[in-house]
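Order-wise, the sequence lines are chains H and C. In terms of the numbering used here, the first sequence has 84 at position 95, counting the first letter as 1, and numbering is strictly consecutive. So the number in the numbering used here is just where the residue sits in the second sequence, counting from 1, plus 21.
The reader is advised that the hints may include incorrect statements.
Negatives, chain H to chain C, calculated, CB over 12 Å [unchecked claim]:
#1 D22
#2 G24
#3 T70
#4 E77
#5 G86
#6 G96
#7 N109
#8 F156
#9 I159
#10 A170
#11 S218
Derived contacts from chain C toward chain H, CB cut-off under 10 Å, selection only [as the list claims (entries may be wrong)]:
#12 V77
#13 T78
#14 K81
Hints were generated in silico from the structure; no laboratory data involved. All values derive from a computational prediction rather than experimental measurement. Note that the Cβ used here is the ideal one computed from N, Cα and C, for glycine as well.
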Amino acid sequence: MAYPTAAVLPTSYNLCPPAVGDNGPNYITPVRDQGACNSCTAYAVVAAIEGAISIKNNVTNPTMHLSEDNLFECAGPGCDTDAWYPDEALSFCQSTGITDFAHYPRGSGGCVPAQASWPNTKIAGFTQLQNATDIKNCLTGTGMPASPVVTLLLYYESLRDWPGTNFNKIYKFQENDPHDARIGGHAVCIVGYDDQHQYWICKNSFGTAWGGVFHGFFKIAYGDCYIDSYRMYGVVV
Amino acid sequence: MASSYDNMATVMNAKFKTKASTQQEAQKFQNKHGPKGKGGVGKPAYRFGNFAEDDVTTDKVKWLIDTGDRNWDTAAFQQLETTICDNLSDTGLQVPMKFTVQRGVGQKSKAVVTPVKDATGAIVSYQIDIFCRT
Chain H
-10 MAYPTAAVLP TSYNLCPPAV GDNGPNYITP VRDQGACNSC TAYAVVAAIE
40 GAISIKNNVT NPTMHLSEDN LFECAGPGCD TDAWYPDEAL SFCQSTGITD
90 FAHYPRGSGG CVPAQASWPN TKIAGFTQLQ NATDIKNCLT GTGMPASPVV
140 TLLLYYESLR DWPGTNFNKI YKFQENDPHD ARIGGHAVCI VGYDDQHQYW
190 ICKNSFGTAW GGVFHGFFKI AYGDCYIDSY RMYGVVV
Chain C
22 MASSYDNMAT VMNAKFKTKA STQQEAQKFQ NKHGPKGKGG VGKPAYRFGN
72 FAEDDVTTDK VKWLIDTGDR NWDTAAFQQL ETTICDNLSD TGLQVPMKFT
122 VQRGVGQKSK AVVTPVKDAT GAIVSYQIDI FCRT
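Turn these sequences into a full structure, and let the hints steer you where they fit.
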């Protein structure tokens, strides 16, 4: 299958304009809350899959909800972990698939075997991206199928407590308190970018009460916390 | 998780093997994190993992993720950071440190810091045993 190519990428692009106070078609499902469990990888992967499906089917303001718990409880390493890398979660979504939230809600208490009557969503594949240009190509569907991007970043207390007081705020670790503690790693989903102001737009999984005016999203500076240079993946649905 | 620690224990033990080599590393530490390791004037405060990050060649980000405090027993983590920071500060003892690493002992990583003393009771080195989580 051939995908459109572009000599020059757009200088800004956003799959979820309302997240940053703009108007435009939204292909991203609502922000969710992972709760106390270290299940960010499952939430970021599900967010990317839902977004990719919405883009492919041209569904705006999507309401679909795949089950993060199905993914985490049946494929993840357990609640108190910091070491589940996205490729492992994506591989499960490709080989086995996950059902929707209605059939596998929160608090199922361990992996519940899938039943034949449940709907099952599999991805066709996933691609590890190498750099920021790859991320932009993936978001815009340039040379590859369009998809939000799952990424890992170094996670500091300043992001956990980030206030997001107005839409111009861009998170940048280096500008924060030098005593800022490094908590570990965190997976989020990149949904947009802006070259002029040098930031990515990300969907987090801390609920809509987090992030101030962004209601669960945040802007983060290019290159910050290894967000665009470590482990980035686009999905193919 | 233990693999990134294994590699670093080897590197750290070479750096902190003798009093002289530890003093050399202490100077680098102070240049990077300030004389007391507390940061300031454009320098980040010392956090466990940060001083060693420049020595990681295979997967620096994994090392920094693994050494984040989420993965650690809080009290043990604070003692570990304090011991290293104090030892390498400008007023610290700057004595050798020997690291060992054991794998898979629980849901949180722990460290046991044991001062090694001479006949007069003076600390001459630290034994730091890291117990990685499962």
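For each hint given before, does the structure comply? Return the numbers of the non-compliant ones in rising order.
Hint check: 3, 10, 11, 12 and 13 fail, others pass.
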